Amino acid sequence: MPCASDTCRHRPLIQPGVQVILNRMHDEQLTVGLFVTCLVDLMRPSVGFAAVKLLENAGCRVVVPAQQTCCGQPAFNSGASVEAKTVARQVIEAFRDVDYVVAPSGSCAGMIKTHYPELFADEPARAAAVAALAAKTYELTSFLVDVLRQKPAAGTYPVAATYHDSCSGLRELGVKAQPRYLLSKLEGLSLTEIPSAETCCGFGGLFCVKYTDISAKMVDAKVDDIAASGAKLVLGGDMGCLMNIAGRLQRRGLAVEVRHVAEVLAGSADDAPAIGESDVRP
Amino acid sequence: MQSKAHTFTANARAALADEPLQAALARFQGGFPVKRRAAIDRLPEFDALRDAGKAIKDATLANLDIYLEQFEAKVIAAGGHVHWCEDADAARQTVIDLCREAGAKTITKAKSMIGEEIAINEALAAAGFTPIETDLGEYIIQLRDEAPSHIIVPAVHLSKEQVAESFRAHHRDLPAERPLSEPQAMLDEARAILRQAFLTADVGITGANMLIAETGSTVLVTNEGNADLTQTLPRMQIVIASIEKVVPTLEDAATVLRLLARSATGQELSVYTTFTTGPKRGDDLDGPAAFHVILLDNGRSRMLGGPFAEMLRCIRCGACLNHCPVYSAVGGHAYGWVYPGPMGSVLTPNLIGLAGTSDLPNASTLCGRCEEVCPMRIPLPRMLRQLRQDAFASGGGPKPMRAGLAAWAFVAGRPWLYRLATGLGVRILGLLGRRHGRFRRLPGASGWTAVRDLPAPAGRTFQALWTERNGARR
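Line by line, the protein sequences give chains F and Y. For the first sequence, this note's numbering assigns the number 10 to the initial residue and increments by one for each residue that follows. For the second sequence, this note's numbering assigns the number 280 to the initial residue and increments by one for each residue that follows.
Each hint should be verified, as a subset may be incorrect.
[Said to hold, decoys possible] Derived pair list, reagent style EDC-like, types lysine to aspartate or glutamate, alpha-carbon separation capped at 20 angstroms:
{"hint": "1", "chain 1": "F", "residue 1": "Lys185", "chain 2": "Y", "residue 2": "Glu650"}
{"hint": "2", "chain 1": "F", "residue 1": "Lys219", "chain 2": "Y", "residue 2": "Glu298"}
{"hint": "3", "chain 1": "Y", "residue 1": "Lys314", "chain 2": "F", "residue 2": "Glu207"}
{"hint": "4", "chain 1": "Y", "residue 1": "Lys439", "chain 2": "Y", "residue 2": "Asp467"}
{"hint": "5", "chain 1": "Y", "residue 1": "Lys283", "chain 2": "Y", "residue 2": "Glu401"}
{"hint": "6", "chain 1": "Y", "residue 1": "Lys439", "chain 2": "Y", "residue 2": "Glu425"}
{"hint": "7", "chain 1": "F", "residue 1": "Lys62", "chain 2": "Y", "residue 2": "Glu747"}
{"hint": "8", "chain 1": "Y", "residue 1": "Lys439", "chain 2": "Y", "residue 2": "Glu298"}
Hints listed in this document are in silico derivations from the structure and should not be mistaken for laboratory results. Remember, predicted model here, so these are calculated numbers, not experimental data.
Please build the complete structure, drawing on both the sequences and the hints.
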């Protein structure tokens, strides 16, 4: 039964959490637009499906607007604001009608939430739309914990793991405790913190191909720490960092798996081999 | 100093291959960041103090002319002189003129980044003077004819063996076989030589950590006390300071001092914090007979009111260097000019132009650690990005990158085309990479695969799979 109460009107800006309670009271589902991110779309769809599963399990209706491609960050960080805006305008349009926008990436969510308002600062006519989008955009684990108030799900995942805090998620969005909290009820999963958990892995978007040598030195510091920790699995919330870390681990011949945290949280790690691994039997 | 920022990539490559440098950088990383953390954990109001420091600097910069003139008036009232210098040339010439006026031969110098910025030692030497650096680190790199690699620990790139080698090469009148393996032995040796310099110097040149408008005082912090001997013993003291160093009151200076040492070295205060006002007064036991302050602009007033104005809050603590993963990887010399690390990557293009320095703002992952630790809350990543925009707008950047971005924007701006192109691309790469799950080499991706494997895409895009799955659902 659709509810007649006017409190049911979606007002994502009232306060994270309150909206959810209102919707639950009136038996109305939240509509979450999944911002897939280009790396998940192209490289690792399993992360996108894991995110959908987590959101649906939490009671959300998930839509995936077809008009999305990329958030525009590669251009924005290269100083190409005109090009960045072209792509960003698409995102603003594509997600206009959803209650929340959720991305399995702190980097892309940070781009929309913190940098779109900067990018469009010279277009006051767009300010309201940009601010509304920024306010309703969240990184996946932050959305599950901070907005939906999800409790950690029970499960089993016996492995010694460590967590890499991606810079944008950590410093722009405050993502630190949320993924660890969500992982905390997985039986068998032990999380060892490495000293450089909060240090950049050297990915940095185009940085890693423009300044390959420096990037290699940075990711080596990370990989050294991972190896020293004894962890057999690296988890994180951003495909860019994870591909960089996995690629360097593999180049150095270290047998440590790398996965997006959403796959483990959704219990769908069996759906795809770890990043850079193959499921083809030789 | 001639900028070598235009060869940043080559500088960085050389630095990464320099084993003694890499060993020095590895030693360095465990030091200051850990001490800073401990110092801040002991001071719960540190973040409130940062807000206070930022507010002081912002208010001062908004009225910079008033405070500088107030400072000047107070210096003159105390018997000193103030020289306004628009650029490095003017500052150098003024210092040389003053040294000539003093009939100087030997000139002692305390550590000063403005001294580096205007290359004062080279200018003094060319004019026939003998400038002697008295900060131990600066003394070492002066012997080696090198630039500082860090704004507070200038010789951090060196090992003690390298220092001993330089001492043997330059201190020729000491016994060749003397033991120099321990830092204490080198310290004693430098101290004995510098003591002589302090006693014979005619002019002492210092920088200033702050200038105090209400009193006309200059503030100097050191851990060696060398700046105190530099400013009190010679007949003339010359302070070289840039215009953004002024703060209104003693109280303000105290706030900044509480932030400075903690952020820099994790100390609560530096070992020496000295407030100096004017020349020696009648009943003073010591002090210079003549006291001069050089106020250097050198491009800073242009930054006021613009997107880089907040950079002028910088108090040169070095925290952004100490916490920067790029600085930690390549050290300070790779940046090619006076100021390295994140603060340098913003300051250098502002002071000497973006042409030839545009690698500096680009060589950052924008990880945000610098802004996180900056006691003055300077939005360094935002400014680095702004400089990238400025460089891009003026046609900068490698041609393939510009063409690539234009092509990317064309495709990414047309979702149907994007789906078509990416769908095809991932299908091919997925097939090629299926067996191993990754590529060791891939044409066109050498920037990635030179140092790491590239995961193979799954073969279908999420969007394609989603459309299929949802079609099936309905």
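query: For which of the previously enumerated hints does the structure constitute a violation, in increasing order of number?
result: 2
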